[in-house]
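S.K.: Go ahead and model the full structure; you've got the sequences and the hints to work with.
For reference, the chains in residue letters:
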Amino acid sequence: MTAAILVSIFMTLAAAATPILLAALGELVTEKAGVLNLGVEGMMLCGAVAGFAVAYSTGSVALGLIAATLAGVAAAMIFALLTLGLGSNQVATGLALTIFGIGASSLIGAGFVGRTITRLGPLFPADYAAHPWLRLVFGHDAIVYLSLALVLAVSLFLRRTRAGLILRAVGENADSAHAIGYRVLAIRTAATAFGGALAGLGGAYFSLALTPMWADRLTAGRGWIALALVVFAAWKPGRLLIGAYLFGAVATFELQAKAAGWSFIAPEVLAMTPYLATIVVLTMMSLGRRTGGRDAPACLGKPFPAS
Amino acid sequence: MTQPPDQTAPSRLALAHVSKSFPGVKANQDISLSVRPGEIHALLGENGAGKSTLVKIIYGVQRADEGGISFDGRPVEIASPKAARKLGIGMVFQHFSLFDGMTVLENIALGLDETVPAEELKARIRAILDSYSLPLDPDREVHTLSVGERQRIEIVRCLLQKPKLLIMDEPTSVLTPQEVERLFETLRQIAREGCSILYISHKLHEIKALCEAATILRGGKVVATCDPRIETTRRMAELMIGAELKHLQRPSGGGKAGAARLSVDKLDMPGEPPFGTSLKGVSFSAQAGEILGIAGVAGNGQAELLMALSGEHLAGQPDAIRLDGRPIGLANAGARRAAGLACVPEERNGHAAVPEFTLAENVVLTARHRLPLAPSGLIRQGPVEAYAKDVIARFDVRITGPGALAGSLSGGNLQKFIMGREIGQKPDVLVVAQPTWGVDAGAAAAIRQALVDLAAQGSAIVVISQDLDELLELSDRLCVINEGRLSQARPVAGLKLEEIGLMMGGVHGESHVAEPAHV
Ligand SMILES: Nc1ncnc2c1ncn2[C@@H]1O[C@H](COP(=O)(O)OP(=O)(O)OP(=O)(O)O)[C@@H](O)[C@H]1O
Ligand SMILES: [Mg+2]
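Each protein sequence line maps, in turn, to chains A and B. For the first sequence, the residue numbers in our numbering are 1 to 307. For the second sequence, the residue numbers in our numbering are 1 to 519.
Since the hints were derived computationally from the structure, they do not count as laboratory data. Virtual Cβ for every residue (Gly too), placed ideally from N, Cα, C. Fair warning: there could be bad hints in the mix.
[As the list claims (entries may be wrong)] Label-pair restraints from in silico Cβ distances:
#1 A:86 <-> B:126: 53 to 61 Å
#2 B:230 <-> A:86: 40 to 48 Å
#3 B:246 <-> A:185: 43 to 51 Å
[As the list claims (entries may be wrong)] In silico DSSO-like links for lysine-lysine, alpha-carbon gap of 30 Å or less:
#4 A:236 <-> B:162
#5 B:203 <-> B:162
#6 B:26 <-> B:203
#7 B:280 <-> B:221
#8 B:26 <-> B:122
#9 B:164 <-> B:86
#10 A:302 <-> B:26
#11 A:302 <-> B:82
#12 B:221 <-> B:246
[As the list claims (entries may be wrong)] Some chain B residues near chain A, calculated using beta-carbon distances under 10 Å:
#13 59
#14 80
#15 100
#16 109
#17 157
#18 222
#19 258
#20 260
#21 299
M.R.: So this is what it looks like as structure tokens:
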């Protein structure tokens, strides 16, 4: 029976990790192009509410996921218009985007509070996952597999493809990229849109897979964790995967501890552990390397053209 | 293979009445010039004369306001660097367009317009490196390379496209004499193969050695054309500045051995991994009233020595470095400035000045220790601006005013400003690297004069440079740095160029240059 428990713990863990992984992966690509979008939390909320609204009205979770992705892109495009088009400050605009996302999701979600939908189920038919260990492989929903595939895809894209090389170049030195003849703003806009899409999808994972019910501020600050993960993962997709699952693991531990009724740790401290553990481990990982600050894209957050 | 340039063939490049304005400046006005196939054509002019702007127009980085360009006899519209490359125009920028965090291979791939598989690209790069015998390792990251190696990346990038016109904006300002020789051989070979070269430099003897024609700009206009093989360098300099060139005025009564102001005693410092050079037992002293020159091939510890003197890296021992007898080896950069030791690093954008700050703000950064610009932490705008204006006027910095961003200045103008900022503080000891890097002949003479004058007032000056002519003109004594070790200083009077060449290049320099590309 212990196998079943372990497996079910891992299933919870993967579910907790997936939305953060998605949002962080999107932000990683955005930041690799030199754009610092602090509005991840806001974009996630936009995705969460759009996904829920569409899934609730149409009864189709798949349509909800698509809507969430588009909503994330739309939110990111507001950001791109302001920062890349009009040259406003990226940090301030990103914060504003988060506030906007919180407000917009509350407004749209007001009519949905307490409503429920049928949540996103496992991708494979139940008999594939009859055995506990098989469940580990076949028991997840489509988004979990998608997120893992995306980690691989983004990693290959950045390291192996010419488009990925150009994207990194734009984040490394926008002036040089411009001088060689790349369209810096277009590339940055595309990267920002990708970040928005994944943040929207990550947000929808909360409202369509984790809790099939709408509540205000559903993402509970996970967008900020995603942002921090990108930094601690040194802008490397592989490390991001480790970081997100680590966060998921400790978050699951927290739930288990609560369920087991451990009273010798204050619940506030318990609630803190996922965040704390993620930061501690990832800090140690970055301390282990000698390269120091050279991981960050050199042009991160800098406006182009500089003026 | 070698054919004399065909006089009847259409010009490779012809500009007709090109003009370009920036807010407040007419960078180019009514410029016409033509370059024949296979010709090496020099573009000369003072700092801010508009040379870089003109070639940026040719390469499609900037658009001309007026005028036309024709290439191989056909009128063309060059809307972007990509369009320029398609025509067969390659360019090596004054400020390299490189990506520090990426490898040489990636940097080169980024300069190509089509996707080439990594292996094939490597093979093609190696073929070029071999045929021009250029040493360069495709897998190194750019931030670990010397300036000369970085420039090779740019050159290889261009050569891969089989260009018909190669533009080089001040390619030699940061190269060692050996590297310059090597570059010239490469350029001559490229020109022999029929590619025209448009060449910008402030070093007139190089122009004489390399170029067949020259167009001289002043204030954005063409003021003369000449054949540099016939013209003297002095005459070309005077055409550039439109006035007579001044000789360096040395104070009378030489042989002024004052007290040692800066003394360095057995300074050891590990180089930064992975490619830094360690300083090994460096000892020297600079006396009041003297200019001490430090020659050497780049990458032999000059950068480390400057950082050790400026206080960016602290010496292990307090008394490894003494200023007027006081141990300052453990004092940080600010404390050293306050004590009277000022340093000007080689890299002006980002190290000597913050490009995003105005000139006035850049003044505060280094001058606040010596001048009452920010007593009790509050910046006094009036004196700051006054000081900046004073520097701008004294060193003839061509810009709109102290509110200009440092990054918007042309390379030479920023260098003039930085030198002026430090010299104006009358430091007891001034350490400068490449004081006239990228500065035009007239302004270089002015900077050298200011250094000589500062020394005459009793300061000690250390000049770290790769430009031997400059060191011989400026210094009273000269030493050579090689693999982190400093030679004995010798009086310059009576020292021959070849002797120093042997001291600095000698064994190491040769092996450095002849080193094959790592694989
Ligand atoms: N992007 C820009 N915006 C505003 N002014 C500019 C810009 N680029 C150049 N200028 C101005 O145009 C003039 C010509 O500059 P340019 O860089 O072409 O000079 P240069 O001849 O290359 O000088 P140097 O020898 O010092 O490199 C200068 O007054 C410069 O300040
Ligand atoms: Mg220039």
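S.K.: Each of the hints needs a verdict: does it hold here or not?
M.R.: A quick look at each hint next to the structure:
no.: 1; hint: A:86 <-> B:126: 53 to 61 Å; verdict: 46 Å, violated
no.: 2; hint: B:230 <-> A:86: 40 to 48 Å; verdict: 55 Å, violated
no.: 3; hint: B:246 <-> A:185: 43 to 51 Å; verdict: 48 Å, holds
no.: 4; hint: A:236 <-> B:162; verdict: 36 Å, violated
no.: 5; hint: B:203 <-> B:162; verdict: 27 Å, holds
no.: 6; hint: B:26 <-> B:203; verdict: 25 Å, holds
no.: 7; hint: B:280 <-> B:221; verdict: 51 Å, violated
no.: 8; hint: B:26 <-> B:122; verdict: 43 Å, violated
no.: 9; hint: B:164 <-> B:86; verdict: 10 Å, holds
no.: 10; hint: A:302 <-> B:26; verdict: 29 Å, holds
no.: 11; hint: A:302 <-> B:82; verdict: 24 Å, holds
no.: 12; hint: B:221 <-> B:246; verdict: 24 Å, holds
no.: 13; hint: 59; verdict: 9 Å, holds
no.: 14; hint: 80; verdict: 5 Å, holds
no.: 15; hint: 100; verdict: 6 Å, holds
no.: 16; hint: 109; verdict: 6 Å, holds
no.: 17; hint: 157; verdict: 9 Å, holds
no.: 18; hint: 222; verdict: 25 Å, violated
no.: 19; hint: 258; verdict: 43 Å, violated
no.: 20; hint: 260; verdict: 38 Å, violated
no.: 21; hint: 299; verdict: 20 Å, violated
In this structure, the hints that do not hold are numbers 1, 2, 4, 7, 8, 18, 19, 20 and 21, in rising order.
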